[in-house]
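> Sequence:
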Amino acid sequence: MKTKGCTERLYNGLIKENPTFVLMLGMCPTMAVTSSAINALGMGLTTTVVLVMSNFVISAMRKMIPDKVRIPAYIVIVATLVTIVQLLLKAYIPSLDSALGIYIPLIVVNCIILGRAESYASKNPPLLSAFDGLGMGLGFTLGLTSIGIFRELLGSGTLFDTVQVIPEDFTISLFVMAPGAFFVLAFLIAAQNAYRNRKAAKAAAAGETGAYSTAAGNGELACGGNCASCFGAVCAENRGKLAEKQAAVSANSAEPKGGTKA
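Residues in the sequence shown are numbered from 1 upward in steps of one, following my numbering.
Hints in this document: simulated from the structure, not taken from any laboratory.
C-beta: ideal position from N, C-alpha, C; glycine also.
A few of these clues could be false.
[As the list claims (entries may be wrong)] Derived CB-CB ranges, DEER-like:
#1 M27 <-> P94: 21 to 29 Å
#2 M31 <-> K245: 22 to 30 Å
#3 F182 <-> P94: 43 to 51 Å
#4 K90 <-> K245: 31 to 39 Å
#5 P105 <-> A178: 33 to 41 Å
#6 A194 <-> P72: 36 to 44 Å
#7 I65 <-> Q164: 47 to 55 Å
#8 R70 <-> Q164: 26 to 34 Å
#9 K199 <-> T83: 28 to 36 Å
#10 S98 <-> M27: 53 to 61 Å
#11 E8 <-> G115: 15 to 23 Å
#12 I93 <-> T7: 28 to 36 Å
#13 T7 <-> T83: 46 to 54 Å
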């Protein structure tokens, strides 16, 4: 059961609730450090280390931290861990520390770390909390590295600052500038949404979505009917429509049928 729970936390962070592509958290470092894949990978792994350690420590101390001062306590714990990680980077990987600059100390106020501490680590055992931090951290690393690969490849023609894949004459410098981060993020999220919607539509057609497949078959849901694993404004509207329909069906079934016998 514990192994299943740990695996579920990893899947949750990597796919289901990916911080970059699903929850849209940590956008400041996502936009700033992804001009090259190596910087994006370094930022993602640094954040992962802090996430795992902070989740574990906060979970282990959750019964000792008073509820009224929990947020300041979390910030002190995270700041201590970030300082340790930054000192290690300065000692062993000074080039990465120089490239990331101010964004390493800013990990202290990263909404992913404080969000997981408040929503998960403060309510669950240390082992599961550590795996939750690992899943979220790896999901964040995956998102940053994916964006960094596309931006570096299109903007500089290289991969991880080593291999020249595209000649410099055919690169588009816009992608290593600030607007390029928004363009690449938008395209990757659009591609992910298209894949999820197509998958949901196939599942609905195969009758794998239960009650949702009926509504999808009637053409009521634009996303294909699998609202349980979808997200976004369109799906929120579809959930509302389905909830209204189910409430109407429940109300009709609750009404007494026929007259009352004397």
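> If a hint holds in the structure, say so; if it doesn't, say that too.
Now the hints, each set against the structure:
| no. | hint | in the structure |
| --- | --- | --- |
| 1 | M27 <-> P94: 21 to 29 Å | holds (27 Å) |
| 2 | M31 <-> K245: 22 to 30 Å | violated (40 Å) |
| 3 | F182 <-> P94: 43 to 51 Å | violated (30 Å) |
| 4 | K90 <-> K245: 31 to 39 Å | violated (59 Å) |
| 5 | P105 <-> A178: 33 to 41 Å | violated (21 Å) |
| 6 | A194 <-> P72: 36 to 44 Å | holds (43 Å) |
| 7 | I65 <-> Q164: 47 to 55 Å | holds (51 Å) |
| 8 | R70 <-> Q164: 26 to 34 Å | violated (50 Å) |
| 9 | K199 <-> T83: 28 to 36 Å | violated (43 Å) |
| 10 | S98 <-> M27: 53 to 61 Å | violated (23 Å) |
| 11 | E8 <-> G115: 15 to 23 Å | holds (18 Å) |
| 12 | I93 <-> T7: 28 to 36 Å | holds (31 Å) |
| 13 | T7 <-> T83: 46 to 54 Å | violated (32 Å) |
Checked against the numbered hints given earlier, the structure breaks hints 2, 3, 4, 5, 8, 9, 10 and 13 and satisfies all the rest.
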